[in-house]
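Asker: Just so you know, the protein sequences line up as chains C and F, in that order. Counting in the UniProt record's numbering, the first sequence runs from 1 upward without gaps. Counting in the UniProt record's numbering, the second sequence runs from 1 upward without gaps.
These are calculated hints, taken from the structure and not from any lab test. Each hint should be verified, as a subset may be incorrect.
As the list claims (entries may be wrong) - Once the Cα atoms are required to be at most 16 Å apart in a straight line, the calculated EDC-like pairs of lysine to aspartate or glutamate come out as:
no., chain 1, residue 1, chain 2, residue 2
1, C, Lys53, C, Glu70
2, C, Lys117, C, Asp142
3, F, Lys45, F, Asp250
4, C, Lys53, F, Asp52
5, F, Lys45, F, Asp18
6, C, Lys157, C, Asp126
7, F, Lys113, F, Asp155
8, C, Lys157, F, Asp155
9, C, Lys138, F, Asp142
10, F, Lys53, C, Asp52
11, C, Lys113, C, Glu129
12, C, Lys28, C, Asp250
13, F, Lys53, C, Asp155
14, C, Lys53, F, Glu70
15, C, Lys113, C, Asp155
16, F, Lys113, F, Glu129
17, F, Lys191, F, Asp250
18, C, Lys191, C, Glu201
19, F, Lys191, F, Glu201
20, F, Lys138, C, Asp142
21, F, Lys157, F, Asp142
22, F, Lys157, C, Asp24
23, F, Lys53, F, Glu70
24, C, Lys191, C, Glu129
Unchecked claim - One side of the interface only, derived from the structure: several residues of chain F facing chain C at Cβ under 10 Å:
no., residue
25, Ile50
26, Val78
27, Ala98
28, Gly130
29, Ser131
Claimed, not checked - Derived list of chain F stretches under chain C, where covered just means 3 residues or more per stretch with a C-beta under 8 Å from a C-beta of chain C:
no., segment
30, 53-60
31, 89-96
32, 101-109
33, 143-153
34, 156-167
Where is the CB? At the ideal position from N, CA and C, for every residue including glycine.
So the chains spell out like this:
2 protein chains.
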Amino acid sequence: MSSPGTVYIIKVGGNVIDNPAFLDSFLKDFAAVPALKVLIHGGGKIATRIGDKLGIAANYVNGRRITDAETIDVVTMVYGGLVNKQVVAKLQANGCNAIGLTGADANIIPAVKRPVKEIDYGFVGDIPEGSVQTAPVKLLLDAGITPVLAPLTHDGKGQILNTNADTIASSLAVALSAHYTVRLIYCFEKKGVLRNAEDDESVINLINRDIYRQLLADGALSDGILPKLDNAFAAIESGVKEVLIGHAGDLQRNTTGSVAGTLIC
Amino acid sequence: MSSPGTVYIIKVGGNVIDNPAFLDSFLKDFAAVPALKVLIHGGGKIATRIGDKLGIAANYVNGRRITDAETIDVVTMVYGGLVNKQVVAKLQANGCNAIGLTGADANIIPAVKRPVKEIDYGFVGDIPEGSVQTAPVKLLLDAGITPVLAPLTHDGKGQILNTNADTIASSLAVALSAHYTVRLIYCFEKKGVLRNAEDDESVINLINRDIYRQLLADGALSDGILPKLDNAFAAIESGVKEVLIGHAGDLQRNTTGSVAGTLIC
Numbered sequence: 001m002s003s004p005g006t007v008y009i010i011k012v013g014g015n016v017i018d019n020p021a022f023l024d025s026f027l028k029d030f031a032a033v034p035a036l037k038v039l040i041h042g043g044g045k046i047a048t049r050i051g052d053k054l055g056i057a058a059n060y061v062n063g064r065r066i067t068d069a070e071t072i073d074v075v076t077m078v079y080g081g082l083v084n085k086q087v088v089a090k091l092q093a094n095g096c097n098a099i100g101l102t103g104a105d106a107n108i109i110p111a112v113k114r115p116v117k118e119i120d121y122g123f124v125g126d127i128p129e130g131s132v133q134t135a136p137v138k139l140l141l142d143a144g145i146t147p148v149l150a151p152l153t154h155d156g157k158g159q160i161l162n163t164n165a166d167t168i169a170s171s172l173a174v175a176l177s178a179h180y181t182v183r184l185i186y187c188f189e190k191k192g193v194l195r196n197a198e199d200d201e202s203v204i205n206l207i208n209r210d211i212y213r214q215l216l217a218d219g220a221l222s223d224g225i226l227p228k229l230d231n232a233f234a235a236i237e238s239g240v241k242e243v244l245i246g247h248a249g250d251l252q253r254n255t256t257g258s259v260a261g262t263l264i265c
Numbered sequence: 001m002s003s004p005g006t007v008y009i010i011k012v013g014g015n016v017i018d019n020p021a022f023l024d025s026f027l028k029d030f031a032a033v034p035a036l037k038v039l040i041h042g043g044g045k046i047a048t049r050i051g052d053k054l055g056i057a058a059n060y061v062n063g064r065r066i067t068d069a070e071t072i073d074v075v076t077m078v079y080g081g082l083v084n085k086q087v088v089a090k091l092q093a094n095g096c097n098a099i100g101l102t103g104a105d106a107n108i109i110p111a112v113k114r115p116v117k118e119i120d121y122g123f124v125g126d127i128p129e130g131s132v133q134t135a136p137v138k139l140l141l142d143a144g145i146t147p148v149l150a151p152l153t154h155d156g157k158g159q160i161l162n163t164n165a166d167t168i169a170s171s172l173a174v175a176l177s178a179h180y181t182v183r184l185i186y187c188f189e190k191k192g193v194l195r196n197a198e199d200d201e202s203v204i205n206l207i208n209r210d211i212y213r214q215l216l217a218d219g220a221l222s223d224g225i226l227p228k229l230d231n232a233f234a235a236i237e238s239g240v241k242e243v244l245i246g247h248a249g250d251l252q253r254n255t256t257g258s259v260a261g262t263l264i265c
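This is chain C alone, in the form it adopts within the complex (with noise of 0.2 Å):
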């Protein structure tokens, strides 16, 4: 049992979300975490698929994916209604007493919309620094309800934006460390941190900014992982007391005082 006062953040990610079977065992060891817990979740291909039934071709500028008006409306639907509304259903069958939301919700994440430079992202929401708004998280956490975050944000004048799962989940993890010991769990379908990308064995077990600076140096990590490291390095000076990247099937040792992946401090 997690000593009083703390709370799990935990991401699971769009290749979990994809998967039926591995959601529905991820979300039982969710609901059975023996803390207070905030679940964010990633989207999955699910969106590109409606997306390309309803003929809205993904738009890419430099390989970057392009949020127009019409793939915006597509998340909104699918993030925010199929599968965070399906997890939310999935966990109260579990016990867990989920509230699904977006960032828009009792305004929890005012974001700002990208700003132009050499690509327009369209309806992207970049987090500014100190804008997660704590009091209704807290709210629902301390009556013991369980929020569930959908990867969306909005700009306050009535726009919903896409914003990185990763981000809101470092962003909250942030936030709460002010009033709770926060623990971040980014879950994903690998063990861990990988030394080498092709061998799912090797997971390091331990990173701090020396050994990152080492790794990068030496070209050995995937192209894949930086941003969440660089988030949970962000989250950690911030005042995250532990972040963690891990398998999703490893939540329940990640969570009862074990560690199984890489352990960011």
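Following the hints, put chain F in place on chain C, whose structure we already have.
Answerer: Chain F in isolation, oriented as in the chain C frame:
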């Protein structure tokens, strides 16, 4: 200004949701209602349009729409995601601290999948008497947060269910009347209950049980309004202070002391 302890339960119909300019003006008025309030929105035709684009044909038996497995996913996306979150973002822009929910969220409305008799309605949820959980709604209202409910419930076993928005509104109104003075307002595109469906000015200003019986005997009422009136009388008889059926454009008058539309008592 309403007396303390008053909550307005305001339902807005699908025809308003489908008309962006009408919806914007309604949401501005809703945001300005000078009391605690809850919004319940219908779905509108957008779910049908998106279902058509996705190749999901509407399925009718004896003229009643069936919510099959594909359809419940579409309405979960569209009502619970697109419509609900756009309404929330717009209310936030109007200074109303809205939170968008379904009946699955915080377990507000546990429902029962409609039993199969002559017709299998599919994933349609009926709300048992006494089922609505007022604690989370009260928690939000008393914190100055305005719940916005999509017409969706859940069965507690992981399944989202499609539930009539009028029924959600009256069930919630009845449940909250244990804690507040509740005024229930059904807002739609007509000026009230009409004596003659062809004449938009033939509004009946007041309906009680006796008048209702007479109107039914005369065959004066259109079929569409009957479930609304049945819901209204059920609400009044279970503790709701007042039920009004009126035009969405008359919300401001109907929440500041005057009455435009049909008062049920």
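Asker: Against this structure, judge whether each hint is valid.
Answerer: Now the hints, each set against the structure:
Distance hint between Lys53(C) and Glu70(C) is fulfilled; the C-alpha atoms sit about 13 Å from each other, no more than 16 Å. Between Lys117(C) and Asp142(C), the direct Cα distance comes to roughly 42 Å. Violation of the 16 Å bound is thereby established for this hinted pair. With a CA separation close to 23 Å, the supplied pair Lys45(F) and Asp250(F) exceeds the 16 Å bound. Of the pairs offered as hints, the one joining Lys53(C) and Asp52(F) holds, with about 11 Å between alpha carbons and a cut-off of 16 Å not exceeded.
Proximity of Lys45(F) to Asp18(F) is assessed by CA-CA distance (about 7 Å); at most 16 Å being required, the pair is judged to hold. Distance check on the hinted pair: Lys157(C) and Asp126(C) sit about 15 Å apart at the alpha-carbon level, within 16 Å; holds. For the suggested pair Lys113(F) and Asp155(F), the alpha carbons sit about 7 Å apart, so the restraint of at most 16 Å is met. Distance hint between Lys157(C) and Asp155(F) is unfulfilled; the C-alpha atoms sit about 35 Å from each other, more than 16 Å.
Restraint check: the Cα-Cα separation between Lys138(C) and Asp142(F) comes to about 14 Å, which is no more than 16 Å; the hinted pair holds. At most 16 Å may separate the alpha-carbon atoms for a hinted pair to count; Lys53(F) and Asp52(C) meet this at roughly 11 Å. About 14 Å separates the Cα atoms of Lys113(C) and Glu129(C), which keeps this hinted pair within 16 Å; it holds. Between the alpha carbons of Lys28(C) and Asp250(C) the distance comes to roughly 12 Å, so the proposed pair stays at or under 16 Å and holds.
Proximity of Lys53(F) to Asp155(C) is assessed by CA-CA distance (about 29 Å); at most 16 Å being required, the pair is judged violated. Of the supplied pair hints, the one linking Lys53(C) and Glu70(F) holds, its CA atoms being roughly 14 Å apart against a limit of 16 Å. As the CA atoms of Lys113(C) and Asp155(C) are separated by approximately 7 Å, the hinted pair is consistent with the 16 Å bound. Note on Lys113(F) and Glu129(F): the hinted pairing holds, with a Cα-Cα distance of about 14 Å set against a maximum of 16 Å.
A hinted pair counts as satisfied when its Cα atoms are at most 16 Å apart, and Lys191(F) with Asp250(F) qualifies at roughly 8 Å. Straight-line distance between C-alpha atoms of Lys191(C) and Glu201(C) comes to about 7 Å, which keeps the hinted pair within the 16 Å bound. This hinted pair checks out: Lys191(F) and Glu201(F) have alpha carbons roughly 7 Å apart, not beyond 16 Å. Pair hint Lys138(F) plus Asp142(C) holds up; C-alpha atoms about 14 Å apart against a cutoff of 16 Å.
Only pairs whose Cα atoms come within 16 Å are accepted, and Lys157(F) paired with Asp142(F) is rejected, the gap being roughly 29 Å. For the proposed pair Lys157(F) and Asp24(C), the alpha carbon gap of about 12 Å is at most 16 Å, so the pair holds. Restraint check for Lys53(F) and Glu70(F): the C-alpha separation of about 13 Å stays at or below 16 Å, so the hint holds. Pair hint Lys191(C) plus Glu129(C) does not hold up; C-alpha atoms about 30 Å apart against a cutoff of 16 Å.
Hint status for Ile50(F) relative to chain C: holds, with the closest Cβ pair at about 7 Å, below 10 Å. The beta carbon of Val78(F) comes within 6 Å of a beta carbon in chain C, closer than 10 Å, and the hint placing it at the interface holds. With a cut of 10 Å, the hint placing Ala98(F) at the interface with chain C holds, because the nearest CB-to-CB distance is about 7 Å. The closest approach between the C-beta of Gly130(F) and any C-beta of chain C is roughly 18 Å, which is over the 10 Å cut-off, so the hint fails.
The interface hint given for Ser131(F) is violated, since its Cβ lies 14 Å from the closest Cβ of chain C, which is over the 10 Å cut-off. Under the rule that three or more residues need a Cβ within less than 8 Å of chain C, the assignment of the segment 53-60 of chain F holds, with 3 such residues. Figure legend: the segment 89-96 of chain F, annotated as covered by chain C; annotation consistent (4 residues with Cβ-Cβ distances under 8 Å, at least 3 required). Counting residues of the segment 101-109 of chain F whose CB lies closer than 8 Å to any CB of chain C gives 6, so the stated coverage by that chain holds, three being the minimum.
With a cut-off of 8 Å between beta carbons, the segment 143-153 of chain F has 3 residues touching chain C; three or more are needed, and the interface restraint holds. Check on the segment 156-167 of chain F: 5 of its residues sit with their Cβ under 8 Å from a Cβ of chain C, so the three-residue criterion for coverage holds.
Figure legend: structure checked against the earlier numbered hints; hints not met, in rising order: 2, 3, 8, 13, 21, 24, 28, 29.
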